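For the record, the sequence lines run as chains A and B.
At position 27 of the first sequence (counting the first as 1) the number is 27 in our numbering, and the numbers step up by one without a gap.
At position 52 of the second sequence (counting the first as 1) the number is 304 in our numbering, and the numbers step up by one without a gap.
In short, the hints are calculated from the structure, not lab data.
Note that the structure is predicted; figures quoted are calculated from it, not measured.
Where hints are given, some of them may not hold.
[As the list claims (entries may be wrong)] Going by beta-carbon spacing under 8 Å, a handful of chain A positions derived as facing chain B:
1. V45
2. I194
3. G195
4. P213
[To be verified] Chain B stretches covered by chain A per the calculated footprint, using a threshold of three residues with CB under 8 Å from any CB of chain A:
5. 279-286
6. 385-391
7. 406-412
8. 424-437
Virtual Cβ for every residue (Gly too), placed ideally from N, Cα, C.
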Amino acid sequence: MLEAFTEFFRQMAEEYPRWNFIFFYDERQWNRIVSGMKYTLILSVACVIFSVIIGVVGAWLQGSSNAWVRRSVQGYIQFFRNTPPFVQLLFFYFALGQFTPTILGDDGWTEYPIISNVGWAIISLSFFAGAFNVEIFRSGIEAVPESTREAASSLGFSRLQTYTEVVLPLAFRVSLPALNNNLVNLVKTTTQAIGIAVPELLYESVGIWNDFPSAQYPTMLLLFVAFILLVGILVYGMHRWERAMKIPGYGN
Amino acid sequence: MLKKLITKTLATASAFSIMVASAHAACTNDVWNKVMERGKVVVGVKADYKPWGFRDASGAIVGMEIDIAQAMADAMGVELETVAVQSSNRMQFLEQGKTDMFIATMSDREDRRKIVGITSPPYYTSGTNIMAPKALGFKSWEDLRGKDVCGKQGAFYNQVVTNRYGVNVVAFTGNAEAKQALRDKKCVAWVYDDSSIGSDLASGEFDQFEMPLASEDDNPWGLAVPIAERDCVFGNFMSGLIFNMHQTGQLIELEKKWGIQPTKYLVDQKDKYADWLAK
Numbered sequence: 001m002l003e004a005f006t007e008f009f010r011q012m013a014e015e016y017p018r019w020n021f022i023f024f025y026d027e028r029q030w031n032r033i034v035s036g037m038k039y040t041l042i043l044s045v046a047c048v049i050f051s052v053i054i055g056v057v058g059a060w061l062q063g064s065s066n067a068w069v070r071r072s073v074q075g076y077i078q079f080f081r082n083t084p085p086f087v088q089l090l091f092f093y094f095a096l097g098q099f100t101p102t103i104l105g106d107d108g109w110t111e112y113p114i115i116s117n118v119g120w121a122i123i124s125l126s127f128f129a130g131a132f133n134v135e136i137f138r139s140g141i142e143a144v145p146e147s148t149r150e151a152a153s154s155l156g157f158s159r160l161q162t163y164t165e166v167v168l169p170l171a172f173r174v175s176l177p178a179l180n181n182n183l184v185n186l187v188k189t190t191t192q193a194i195g196i197a198v199p200e201l202l203y204e205s206v207g208i209w210n211d212f213p214s215a216q217y218p219t220m221l222l223l224f225v226a227f228i229l230l231v232g233i234l235v236y237g238m239h240r241w242e243r244a245m246k247i248p249g250y251g252n
Numbered sequence: 253m254l255k256k257l258i259t260k261t262l263a264t265a266s267a268f269s270i271m272v273a274s275a276h277a278a279c280t281n282d283v284w285n286k287v288m289e290r291g292k293v294v295v296g297v298k299a300d301y302k303p304w305g306f307r308d309a310s311g312a313i314v315g316m317e318i319d320i321a322q323a324m325a326d327a328m329g330v331e332l333e334t335v336a337v338q339s340s341n342r343m344q345f346l347e348q349g350k351t352d353m354f355i356a357t358m359s360d361r362e363d364r365r366k367i368v369g370i371t372s373p374p375y376y377t378s379g380t381n382i383m384a385p386k387a388l389g390f391k392s393w394e395d396l397r398g399k400d401v402c403g404k405q406g407a408f409y410n411q412v413v414t415n416r417y418g419v420n421v422v423a424f425t426g427n428a429e430a431k432q433a434l435r436d437k438k439c440v441a442w443v444y445d446d447s448s449i450g451s452d453l454a455s456g457e458f459d460q461f462e463m464p465l466a467s468e469d470d471n472p473w474g475l476a477v478p479i480a481e482r483d484c485v486f487g488n489f490m491s492g493l494i495f496n497m498h499q500t501g502q503l504i505e506l507e508k509k510w511g512i513q514p515t516k517y518l519v520d521q522k523d524k525y526a527d528w529l530a531k
């Protein structure tokens, strides 16, 4: 069965020189796809988690009574939301990477930064998506009626308690559709990590079609399919979550 | 209705395949004729690969490959227009007709011959080597096993050295980023064309670095015409032009003009194609 499958694509490459699905019959190329997929998954999962945490914390700090805290959150949002993520990546890795401590390699010359390129990609992409998430959660928080908040504080809840026990659970439900969109975008933005040589799916794909120009279109198709699946799983999970958290009369 | 659609599709498909088959059988010389009628040839060249193709202070694209393109245009009696291309789009530009041909530091590889018409003989050749800090004192390729080496996305030898020596190639999208990573000591070496590394070292910006290994995988560089015209007027003309440039030593002169380290390949080719009456 597998034999027939690989043979079919080998034959196809012979007959149509632009449609060489090399990764379906050359094990080495397949392994590159698998390893690229692994890094894309690592980046996606880590960035989704960190960016949501940044969003929740940032939205809370936005309501702080200290003007400087509010201003710095605003500054953070303006910077990360209004600049291209690709430039952020390059700047973090090359410019900020200079100031992080390094570990001297065994050869006495190489300096391994304690934050690798994968680390920088996770940090920079999380901050990028996190800036949007802060605004998304803010919109949710503002949708919670003032009277609900007052009711909570009249029951003796502190500011933090009101936020975590009353406002956030309600705000979260309102924010989910918008959050969904941003996280989908985040997963697709992980491909930009190619700029700092993170061997994710796009990096490996470009490598394959540079080594085998005949495999260019098939590899692009594979990228589409891989991201449709990846984003599909994310959206499916988010919808399930949305439904599970549904409370009658509040949001969807 | 459906049946009609299927028959129609099949008819179109078979007509198309006949067209494709006949394109190889008979020479229509479409691109060549178009160039002659227009009086201008559009050539894809590199604009970021000193000294083969780069921009001078005035912004004009100059270099060894542009000189070859000029020699070609002169021989055809047409005007030359250059278009800056990249490794990742040079073949696509030619396929789409955005350029009539290209001379863009492309290694002649089997897989590429299926897509564009690479003519023989090649006009240049380069091997793979590394730029590494003198402090590390590498002696052989084996010394690199298991180490991080910076590279450039799109170079065919990334895969070759990975498979042969177990080198871990960290490939960046541009030369500048890769060389910056080497300066930042994020990798032990930068793997690239020996000729390009040679001119980098000569520039004086890399004093603590050297090119310590024996070059590997000497690979000819091929210029390309549309694949349908490789065995027609255009392809045969290019073969003849490059043959003459080898025989008359013009290529060696160009190499000297642009300050490229003399390659044994060009000298060998000049001997090989030497005019037997001129001896």
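Taking the hints in turn, this is what the structure says about them:
no.	hint	result
1	V45	violated (23 Å)
2	I194	holds (7 Å)
3	G195	holds (6 Å)
4	P213	holds (6 Å)
5	279-286	violated (count 0)
6	385-391	holds (count 3)
7	406-412	holds (count 5)
8	424-437	holds (count 7)
Figure legend: structure checked against the earlier numbered hints; hints not met, in rising order: 1, 5.
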